[in-house]
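So the protein lines, in turn, are chains A and B. First residue of the first sequence: 0, per numbering that gives the first Met the number 0; consecutive thereafter. First residue of the second sequence: 0, per numbering that gives the first Met the number 0; consecutive thereafter.
A portion of the hints provided could be inaccurate.
Note: identical chains are not told apart, hence a pair may lie in one copy or across any two.
The list that follows gives simulated cross-link-like pairs (lysine-lysine, DSS-like), each with its CA atoms no further than 27 Å apart [claimed, not checked]:
#  : residue 1 : residue 2
1  : K184      : K126
2  : K266      : K9
3  : K24       : K232
4  : K9        : K232
5  : K259      : K184
6  : K184      : K24
7  : K24       : K312
8  : K126      : K312
9  : K184      : K9
10 : K249      : K280
If you're looking for bench data, these hints aren't it; they were derived computationally from the structure.
There are 2 protein chains.
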Amino acid sequence: MFTFQDVQQKIEREIARIQFVNPPKSLYEPIVYTLSLGGKRIRPALLLMACNLYQDEIESAMQPALGLEVFHNFTLLHDDLMDEADMRRNQPTVHKQWSPNAAILSGDAMLIYAYRLFEGVQDGLLKPVLQLFTTTALEICAGQQFDMEFETRQDVTEAEYIEMIRLKTAVLLACALKMGAMLGKAPEAEQEVLYRLGIHMGLAFQLQDDLLDVYGDTAVFGKQLGGDIVSNKKTFLLINALQRATGREKAVLTDWISRKTFNPEEKIAAVTQVYEQLGLKELTEDKIQVYYKEAMDSLGMLNVPTERLAYLKEVCTRLMYRQS
Amino acid sequence: MFTFQDVQQKIEREIARIQFVNPPKSLYEPIVYTLSLGGKRIRPALLLMACNLYQDEIESAMQPALGLEVFHNFTLLHDDLMDEADMRRNQPTVHKQWSPNAAILSGDAMLIYAYRLFEGVQDGLLKPVLQLFTTTALEICAGQQFDMEFETRQDVTEAEYIEMIRLKTAVLLACALKMGAMLGKAPEAEQEVLYRLGIHMGLAFQLQDDLLDVYGDTAVFGKQLGGDIVSNKKTFLLINALQRATGREKAVLTDWISRKTFNPEEKIAAVTQVYEQLGLKELTEDKIQVYYKEAMDSLGMLNVPTERLAYLKEVCTRLMYRQS
């Protein structure tokens, strides 16, 4: 059995080996750059670990695992362009380092290259693997579209928000786990349980991200706290604040949201205070707890010897309660 | 046997039937809009006609044929954004009608949806069909990258230009013909001959496009003449003019190219005069003739009864000598 660290190392080795030999270099440099920025390689790691539940040999699942990682990094590249984000993992984003056109075109090539990485899947599995991937990829586009539309809306409901993060974040984790099970030739029922596990894990993962922006430990989190508050990002906290605040709290919140110029630290402090008054930290933690329990229930339903589940259980817990 | 018009009608019917039922509508509206702008549906038509050389049943090739058409329209959508083109087929481009972000994200969804259309390909053919498509799609990205890089270069050679249009235009026509043969279960040697036919047809097709911008009949061509000259687009004519002009002709050409403000009609007249002095119309026509002959030689090498080749031969000739 392989641990999260084991598969992470394998993935990192394989990513370092990806080479683009065809010209023009200028098309592929932004792709290599994006892939080299790091990250935890969560999606390919989950795929390999899910595969490993059902078989010891996981090398044959490596290329599709990389396909998910390349695809995920493609979405970051295009999302950063659409969101006009200047930095990603403490490095300039592709449209800043090169140009918006480079981000568009190299992103497109990256998406196409992700499909290349599924070509080696064995005959009987190729079609279902591609169907799962394409369905997931379209859902992620839908999630990004909803996310962008939420920016200009003040009436987003919690249910709409959960559906958005299901599409934008959770389905790719679910896809990774299910695809790993498919490649490990697990029965369909097992694949479905892992898919649901991925959805709940993904929802908790994103809510934890929303929490960390406000309550994280800067030293551990690795990025500035309060970025979501400064940019009025519609997080689980802000959406619930907008839905729940009344009277003076409502006035304070809408005032800060509408200000064009402000001292960021003041705004963060003021909005955080509203969150505290409304008990949003606890509300979010409770919601994460619900998803965590659902995920653990799914894990318990798998038809796999308990000792084989230990590493996956550990990584699920770590991702849902991550501090960075 | 089906004529070009027959398959065009079939394709048009199928495109009109494409529906996107999942939300958000805003993600899919630009896709439906782009597909509804029309065009000659050359790529799916070539695929179906190539398939029809080897079997009478072509319905099973329709979905992959649509995949190529959706992909082609995706490239137009993203290229128009990168080239800042306001109009396409006399209608506003997606980034003008909606927004640059809509063009990026709906374009991404369109590329992913193109892959969806290959899912129904039968088991043994799915992998080679996808490999051909993905290789072609990456080549087209490379072609667009070269094209953009040529914009700021004055020393592009004819050979570089031919390689660029091979990648940007010809490989997709070649892919269409080869994929049609694959789906029609033609032997590999036949597939390769059709691929080469597509390359030569595509090169002639693009050179004819370059010619039409200068020497087309406005009433037939459907768009304003001289657009390439006004924008200094590196066409086969301009590249050869830059390589061949000397003395006064060179001075006139570089002067017009460097002017920031000018009367478009004056510029078109002046540059066209240089083209005439350098005999570039004849040079281009001769080159088209060379590719036409290569294409006809390929047609003659196919192991298909002559009477089955008539419709494909007609459409090849028409595309290489098209007036619009």
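Hint check:
no.: 1; hint: K184 x K126; result: both (14 Å within a copy, 20 Å between copies)
no.: 2; hint: K266 x K9; result: neither (43 Å within a copy, 60 Å between copies)
no.: 3; hint: K24 x K232; result: between (36 Å within a copy, 23 Å between copies)
no.: 4; hint: K9 x K232; result: neither (35 Å within a copy, 47 Å between copies)
no.: 5; hint: K259 x K184; result: neither (55 Å within a copy, 64 Å between copies)
no.: 6; hint: K184 x K24; result: neither (39 Å within a copy, 36 Å between copies)
no.: 7; hint: K24 x K312; result: neither (42 Å within a copy, 38 Å between copies)
no.: 8; hint: K126 x K312; result: neither (29 Å within a copy, 35 Å between copies)
no.: 9; hint: K184 x K9; result: within (21 Å within a copy, 40 Å between copies)
no.: 10; hint: K249 x K280; result: within (17 Å within a copy, 71 Å between copies)
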